[in-house]
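If you want the building blocks of each chain, they are given just below.
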Amino acid sequence: MNRVVITGIGIYSTIGKNLDEVKESLYNGKSGIVLDQERKDFGYRSGLTGKLERPKLKGLIDRRSRVGMAEQGEYAYMATIEAIKNAKLDQDYFDKNEFGIIYGNDSSSIPVIDAADIIREKRDTVLVGSGSVFQSMNSTVTMNLSVIFKLKGVNFTLSGACASGSHSIGMGYFLIKHGYQDSIICGGAQEVNLFSVSSFDALGAFSIRESEPDKASRPFDRDRDGLVPSGGAATVILESYDSAVKRGAPILAEVIGYGFSSDGSHISVPNIDGPKRAIEMSLKNANISPESIDYINAHATSTPLGDANEAQAITEIFKNINPFVSSSKSMTGHEMWMAGASEVVYSIIMMQNSFIAPNINFENPDEFSKKLNIANTTINKEFNTFLSNSFGFGGTNSSLIIKKF
Amino acid sequence: MEKAQIATIINDFLVDELEIEEELTPTAGLKEDLGIESLDFVDIAVVIEKEFGFKIKGEEMTDVKTLQDLYDYIYDYLIKHK
Chain A
1 MNRVVITGIG
11 IYSTIGKNLD
21 EVKESLYNGK
31 SGIVLDQERK
41 DFGYRSGLTG
51 KLERPKLKGL
61 IDRRSRVGMA
71 EQGEYAYMAT
81 IEAIKNAKLD
91 QDYFDKNEFG
101 IIYGNDSSSI
111 PVIDAADIIR
121 EKRDTVLVGS
131 GSVFQSMNST
141 VTMNLSVIFK
151 LKGVNFTLSG
161 ACASGSHSIG
171 MGYFLIKHGY
181 QDSIICGGAQ
191 EVNLFSVSSF
201 DALGAFSIRE
211 SEPDKASRPF
221 DRDRDGLVPS
231 GGAATVILES
241 YDSAVKRGAP
251 ILAEVIGYGF
261 SSDGSHISVP
271 NIDGPKRAIE
281 MSLKNANISP
291 ESIDYINAHA
301 TSTPLGDANE
311 AQAITEIFKN
321 INPFVSSSKS
331 MTGHEMWMAG
341 ASEVVYSIIM
351 MQNSFIAPNI
361 NFENPDEFSK
371 KLNIANTTIN
381 KEFNTFLSNS
391 FGFGGTNSSL
401 IIKKF
Chain B
1 MEKAQIATII
11 NDFLVDELEI
21 EEELTPTAGL
31 KEDLGIESLD
41 FVDIAVVIEK
51 EFGFKIKGEE
61 MTDVKTLQDL
71 YDYIYDYLIK
81 HK
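Read top to bottom, the protein sequences are chains A and B. If you're matching positions, the first sequence starts at 1 in the numbering used here and goes up one per residue. If you're matching positions, the second sequence starts at 1 in the numbering used here and goes up one per residue.
These are computed hints drawn from the structure, not numbers from a lab. This one's a predicted model, so the numbers in the text were calculated from it and none came from an experiment. Among the hints, a few may not be true.
Stated by the list, open to error - In the PhoX-like style, the derived pairs of lysine-lysine whose C-alpha atoms are separated by at most 20 Å in a straight line are:
hint : chain 1 : residue 1 : chain 2 : residue 2
1    : A       : K319      : A       : K371
2    : A       : K96       : A       : K246
3    : B       : K55       : A       : K122
4    : B       : K80       : B       : K3
5    : B       : K65       : B       : K82
6    : A       : K122      : B       : K50
Put together the whole structure using the sequences plus the hints.
Here you go:
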């Protein structure tokens, strides 16, 4: 069995467009959430959203590479070039080695809607243009990045709702651990636009604390009233320890455990048992006891029931140990398909820089969160091992354990 | 519409949208000289519909080999369907 190490990370998010900016935001507890008037004008119940600029790729990559790329693919490209640089990789290495890609993504709303509108109006399939199909498919991120970087290894997108990014790292970890692949670009991407996850608004899942956008996402707080949609992309480069050493790569951290489960119950209402089983499986897979976990980056999205159930799952496993817990979604909002990957990146940034980012807006606990050791201010502390939880609709759960190298 | 006007619209599209950097001489081969690939012909069909108001299918363009062929194809279509 191979040890699996992380040699590069990259991020493009609402709290920063690169690792340095994100580090500052995490340390200072800066929110990336705004009230978007366009959403209100459109009729949204909540106009709150993470705010993100589209990167300008003209001049960076050729037209053919750009026209097939949807918004979230652009974010993923930016995160990936940062991770590649960070990992000291180059095109020559991709050309001579079998490098794979598994990225989390679970929607591509705008290209699908635009194409349907054109076909309905014009009654002609040609007029959607040549890039439409490559933007519309769920696998848009991996199909584009694998071509841009001419990757020769495993190549697929992983769709597991709000755990997509986390499962992508878990799947990459398993493939490398068991010797099927040496190196894989993993990550998660999430579009941010009017049509992405719009029906969450109808389901009442979004916070309506519009008077205070930066206070709207308040995981574990007693007065939380829903999540705030957000997005971007995060890339995590995984390699076998042997191949990382062989090429003299920087080693940032080691993936030591992955656990997964399915709630086996409701499509949108999470339970306690499913997440608990995923966490237990990750601990067993890592062959460590709960005492070894220094920090938990919670899934907690700021929804009333989800946070309460996660708090109970954590308490049942970590009672009397009290590792620090925080949800970076308090700053970023819910980055959905990206979240599992971005939260690994955020936690690695914290681990590298010896601090735990605050769970901002945690002012009053509820009956379940009061049992957790929630960091509501920045904690300056060296730590060695963290657990990152990600859960999604349909009851898909993923837990990753990552250790300082 | 004059042929010169058609050429201007097409050339602007080739430069601005397809980002073709080669010189746009009328005898230039679309594939060989300008590097236009099959996927790009879909986008040419989109610009023809937008700018000249008619729909074409890729298979109707099999005889269109050069830039001049493309201008002529559009011109002839517009004349026939006046």
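Measure nothing beyond the straight line between the CA atoms of K96/A and K246/A; if it is 20 Å or shorter, mark the hint as holding. The hint holds at about 14 Å.
Has the given pair, K65/B with K82/B, been kept, meaning a C-alpha gap of at most 20 Å? Roughly 25 Å between the alpha carbons, so the hint for K65/B and K82/B is violated.
Please verify whether K55/B and K122/A have alpha carbons no more than 20 Å apart. holds (10 Å)
Hint consistency between K122/A and K50/B [alpha-carbon to alpha-carbon, up to 20 Å]: holds (11 Å)
Please verify whether K80/B and K3/B have alpha carbons no more than 20 Å apart. holds (14 Å)
Need the status of pair K319/A, K371/A: alpha-carbon distance at most 20 Å? The given pair, whose Cα atoms are some 8 Å apart, holds under the 20 Å limit.
When each numbered hint is compared with the structure, a violation occurs for hint 5 only.
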